[in-house]
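Participant: One-letter residues, chain by chain:
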Amino acid sequence: MTQKEWPLWEVFIRSKQGLDHKHVGSLHAADAEMAIQNARDVYTRRMEGVSIWVVESKHVHASNPDDAEAFYDPANDKVYRHPTFYEVPAEIKNM
Amino acid sequence: MPEHGHKTPHLQEHLLNIPVPDYAPELRQLVFDYTLQLADTSLILGHRLSEWCGHGPILEQDLAMANIALDLIGETRSLYQYAATLEGKGRTEDDLAYLRSAVEYKNPLLVEQPNGDFGDTVMRQFLFDGFHYFLLKALKHSSDQGLSAIAAKSFKEASYHIKWSSEWVIRLGDGTEESKHRMEKAVGNLWMYSGELFMMTDTEKQLLEAGILPDYTSIKQQWDEHVAKVFSEATLEVPQQVYMQQGGKMGKHSEHLGYILTELQYLQRTYPGLEW
Numbered sequence: 000m001t002q003k004e005w006p007l008w009e010v011f012i013r014s015k016q017g018l019d020h021k022h023v024g025s026l027h028a029a030d031a032e033m034a035i036q037n038a039r040d041v042y043t044r045r046m047e048g049v050s051i052w053v054v055e056s057k058h059v060h061a062s063n064p065d066d067a068e069a070f071y072d073p074a075n076d077k078v079y080r081h082p083t084f085y086e087v088p089a090e091i092k093n094m
Numbered sequence: 000m001p002e003h004g005h006k007t008p009h010l011q012e013h014l015l016n017i018p019v020p021d022y023a024p025e026l027r028q029l030v031f032d033y034t035l036q037l038a039d040t041s042l043i044l045g046h047r048l049s050e051w052c053g054h055g056p057i058l059e060q061d062l063a064m065a066n067i068a069l070d071l072i073g074e075t076r077s078l079y080q081y082a083a084t085l086e087g088k089g090r091t092e093d094d095l096a097y098l099r100s101a102v103e104y105k106n107p108l109l110v111e112q113p114n115g116d117f118g119d120t121v122m123r124q125f126l127f128d129g130f131h132y133f134l135l136k137a138l139k140h141s142s143d144q145g146l147s148a149i150a151a152k153s154f155k156e157a158s159y160h161i162k163w164s165s166e167w168v169i170r171l172g173d174g175t176e177e178s179k180h181r182m183e184k185a186v187g188n189l190w191m192y193s194g195e196l197f198m199m200t201d202t203e204k205q206l207l208e209a210g211i212l213p214d215y216t217s218i219k220q221q222w223d224e225h226v227a228k229v230f231s232e233a234t235l236e237v238p239q240q241v242y243m244q245q246g247g248k249m250g251k252h253s254e255h256l257g258y259i260l261t262e263l264q265y266l267q268r269t270y271p272g273l274e275w
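Those sequence lines, one after another, are chains A and B.
Numbering follows numbering that gives the first Met the number 0, in which position 57 of the first sequence is assigned residue number 56; successive positions increment by one, without gaps.
Numbering follows numbering that gives the first Met the number 0, in which position 174 of the second sequence is assigned residue number 173; successive positions increment by one, without gaps.
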């Protein structure tokens, strides 16, 4: 065996039908099937989930923290992008 | 970490509310004996698996084995509680687990075998899981309400166990030269204990006649098919013509059970009646 360490996987759990999968952590596994089983054993022991996604960590591409200013600050002063300039009719309850 | 507002289930929720069946004393004794045998089996295997806790090959499998151990101990508790109810002499689940001697334990020899290496543990689990899974599947339809209720609950867990152990047998058998060699060794160590699972004791035969137990021949057939399929994928050979060890289900155990009970029962034997 040349590769001693199993690859790392990111685990996403949906806690209830209708909700989104949320990132809950990571684990090691030899392949996707084992990753799902391991996720079941590590992250759903206390009824946390109804569905599991796993993605090998190397496939996740993240933004660079050094880019934070360039990426996010420009949105700061653009209040007109928020849909807050409308009167919501009284009949509409859930918004 | 439990989420906010998530209630920790209380241990007592394990209690199943099963009405006491209206059996003649002989039949009641048979069902009691058999329920104890199932409980002993799950307890000893659960205890063996729990010995891995903190020693697993990787964190994820350490937890997987601890989870299976907890499933088995949960099943054990339901069974001992049902047995205690059937007996009706005031003994509790704890009395049945902690205050009986090795000869009174009726688990098959397979489940008391030492953990060995991870391959041995996986193989022991695999040989047991097939039996457990197909037995519970049949017991769900038992005319005995207690056994069928417990089987229905544990069957879901056993369905995961059989998946876990089958995949590991395939992964290791059809893995590296080293892992294959170890799995062949594990088959050699443990196969001789698989036959006893299907040998019907007098108690089991009488319960079959009473319509409470399924015929083990059909369970053995399903087990054979499952084992053949998994072994073939795992490139392992199914042993032929092996002399089968037996005795555990009649209370004749290997030396291992004494050591297990010494550890398992230590606290209650040293401090009788001690509570949390």
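Think of the hints as simulated: they come from the structure by calculation, not from any bench.
Just so it is clear, CB atoms sit at the ideal spot from N, CA and C, and this is done for glycine as well.
There may be inaccurate statements among the hints.
Partial list, computed: chain B residues near chain A (C-beta under 7 Å) [claimed, not checked]:
1. Pro24
2. Glu59
3. Leu62
Here are some of the chain A residues that sit facing chain B, going by a computed Cβ distance under 8 Å [unchecked claim]:
4. Lys21
5. His22
6. Leu26
7. His27
8. Ala28
9. Asn37
10. Asp40
11. Val41
Participant: Against the structure shown, which of the earlier numbered hints fail to hold, in ascending order?
Facilitator: Violated hints: 1, 4, 5; rest satisfied.
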